[in-house]
Amino acid sequence: MRHDENPAIPCDTLITASHVLTQNARREVIRDGAVAVSGGRIAAVGPREALAAYAPAETLSMGRALVMPGLVNVHTHAAMTLFRGLADDLPVADWLHNHIWPVEKMLTPEAVYLGSQLACAEMLAAGVTCFADLYFFSGQTARAADALGMRAVVGEGVLDFPTPSAQNPAEALALSRDLFHRLRGHPRLSAMVVAHSPYAASDATLEACAALAREHDAVFTLHAAEGVTENADSLERTGRRVIPHLHSLGVLGPNCLLAHCVHVDDGDLELLAATGTRVAHCPRSNAKLASGTAPIPAMRQRGIAVGLGTDGAASNNALNLFAEMGCASLTLKLVRGDPTAFPARDALDAATLGGAACLGMPDIGAIVPGHHADLAVLSLTRPNMVPFFDAPSQLVYAATGAEVVLTMVAGRVVYRDGRFPGLDVSALGREVQDMAERLAAHRP
88 MRHDENPAIP CDTLITASHV LTQNARREVI RDGAVAVSGG RIAAVGPREA LAAYAPAETL
148 SMGRALVMPG LVNVHTHAAM TLFRGLADDL PVADWLHNHI WPVEKMLTPE AVYLGSQLAC
208 AEMLAAGVTC FADLYFFSGQ TARAADALGM RAVVGEGVLD FPTPSAQNPA EALALSRDLF
268 HRLRGHPRLS AMVVAHSPYA ASDATLEACA ALAREHDAVF TLHAAEGVTE NADSLERTGR
328 RVIPHLHSLG VLGPNCLLAH CVHVDDGDLE LLAATGTRVA HCPRSNAKLA SGTAPIPAMR
388 QRGIAVGLGT DGAASNNALN LFAEMGCASL TLKLVRGDPT AFPARDALDA ATLGGAACLG
448 MPDIGAIVPG HHADLAVLSL TRPNMVPFFD APSQLVYAAT GAEVVLTMVA GRVVYRDGRF
508 PGLDVSALGR EVQDMAERLA AHRP
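The sequence shown runs 88 to 531 under the working numbering.
Treat the hints as calculated values from the structure; they're not laboratory data.
Misleading hints may appear alongside valid ones.
What the hints assert, rightly or not - Label-pair ranges, simulated between beta-carbon atoms: (1) 248 / 357: 32 to 38 angstroms; (2) 432 / 513: 36 to 42 angstroms; (3) 136 / 178: 20 to 26 angstroms; (4) 521 / 475: 38 to 44 angstroms; (5) 480 / 304: 35 to 41 angstroms; (6) 363 / 521: 43 to 49 angstroms; (7) 389 / 469: 23 to 29 angstroms; (8) 469 / 264: 16 to 22 angstroms; (9) 254 / 527: 53 to 59 angstroms; (10) 320 / 468: 51 to 57 angstroms; (11) 469 / 258: 56 to 62 angstroms.
Just so it is clear, the structure is predicted and the values come from calculations on it, not from any experiment.
In this text, a Cβ means the ideal position worked out from N, Cα and C, and glycines have one as well.
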């Protein structure tokens, strides 16, 4: 018997496609490429010929398609899919006080579970494989993400007034501690600490949240400098702008993820950079609520990690990171009068590598050996994807998310061609519609 000098290398799955977008350090796009997956992680990536030695249990031949890292949504409120389109085109105060908060008071664990399932399905169908969620009954959002096979970081909202799930900050923090206990060791889910904002949480509450996050070496996230009056209100209340005040409380740091940061000045940016604080940029929500545009180029110039978030479906109204990439790039070009302000490459980085950095997950956001096999596959046969010259340009300016034909998380296919394993999405839609109508009936 002749000795085989090149024995077959077993792997779970081999994905082949006309293009593989790696997002590696060289930002390589491999033509006629292949990705080998084993044990839920990337075993190898390269030209199809270079991976010929792999003997997969399953081969996914995707043809004229682009394999890319799964997108990372660093700021959302998943269950707010229940309020999509409930009250649009209104001033923020009217929207919140007269429409959103009254129905939020009626939320139940069942409602959050249903709304979160719908959100997970929506995100998976548009190539999002990981998300960070801030809301109430957060254990139900974790349950929904687990059921659909997503990767998620979830946290219970801590506020200084009663919420649907807690009567006071102490109860909300107890729920947060329980979430850390329940998710410890989970392969795809983890917990974080959430305070709503400096205006909805006292200094003592913010300090307690920061301490809990440090205790668990976890992400601490909150809304900051989103509204046009927040800095003036903070100056009146504390004598400091929002960002310096958070710094004085010991909140800022490498584990801190601030959402929005629209109204920040050079001094604020220097503090964010010096402390290693990260930023979740939510361009469509900021535009819809007329909050303004965050100075993302200035943040990136200072080395601040920036990821993209959708915010909730009540203020967006979609959970689509392709839409966020396009909006981020185009809006910054417009407001700065500079077509180079936030190029497609930077927007794509923010939705992948930037998201991974914001969540402290160095093994997602790129297709490189050893990383989690969290992938999205887009058809390049759709009319809007032809011709194909430059991958970042096509993804940011032409793609809509509807081109996604397959999504994989931890090496498992969790979405393909409109179907989700183990989920009847039509039946779920009917349940969500019924629940949403019941909640909406409680509007004044």
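Now the hints, each set against the structure:
no.: 1; hint: 248 / 357: 32 to 38 angstroms; result: 33 angstroms, holds
no.: 2; hint: 432 / 513: 36 to 42 angstroms; result: 38 angstroms, holds
no.: 3; hint: 136 / 178: 20 to 26 angstroms; result: 59 angstroms, violated
no.: 4; hint: 521 / 475: 38 to 44 angstroms; result: 42 angstroms, holds
no.: 5; hint: 480 / 304: 35 to 41 angstroms; result: 38 angstroms, holds
no.: 6; hint: 363 / 521: 43 to 49 angstroms; result: 45 angstroms, holds
no.: 7; hint: 389 / 469: 23 to 29 angstroms; result: 38 angstroms, violated
no.: 8; hint: 469 / 264: 16 to 22 angstroms; result: 47 angstroms, violated
no.: 9; hint: 254 / 527: 53 to 59 angstroms; result: 25 angstroms, violated
no.: 10; hint: 320 / 468: 51 to 57 angstroms; result: 52 angstroms, holds
no.: 11; hint: 469 / 258: 56 to 62 angstroms; result: 49 angstroms, violated
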